[in-house]
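I would like the entire structure built from these sequences, with the hints used as guidance.
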Amino acid sequence: MMYKIDYHGWKTEAALQDIESVIGSIRKSGQSQQAELITGHGIIQDEVLKLLKSHSLEPSVQLGNSGVVVVVIE
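Taking our numbering, the leading residue of the sequence shown gets 217, the next gets one more, and so forth.
Think of the hints as simulated: they come from the structure by calculation, not from any bench.
In this text, a Cβ means the ideal position worked out from N, Cα and C, and glycines have one as well.
Per label pair, the in silico range of CB-to-CB distance:
(1) G225 to G246: 26 to 34 Å
(2) G246 to G280: 25 to 33 Å
(3) S282 to S245: 24 to 32 Å
(4) H224 to G246: 28 to 36 Å
(5) K244 to S282: 29 to 37 Å
(6) V277 to W226: 17 to 25 Å
(7) K220 to R243: 14 to 22 Å
No farther apart than 25 Å at their CA atoms in a straight line, the calculated lysine to aspartate or glutamate pairs in the DMTMM-like style are these:
(8) K269 to E236
(9) K269 to E252
(10) K269 to D234
(11) K244 to E274
(12) K266 to E236
(13) K220 to E236
(14) K266 to D222
Right, dumping it as structure tokens:
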């Protein structure tokens with residue numbers, strides 16, 4: 217199963233809160249899930265990467281589309 221959402225046009229704080237909620241929901245379910253977070257380039261992507269790393273996750277930027285952050289949430 218994969219979680220995918222486009223954060224273009226979102227305020228940074230709202231995007232981060234949404235991702236926090238997603239992480240909590242996935243972890244609460246006890247299953248791992250790949251997430252594709254469409255951030256574009258810039259501050260939202262930078263902050264999303266920091267947030268994911270703060271949750272001991274290992275995000276990467278999608279090959280061929282550097283505006284997408286890919287991470288497996290466990």
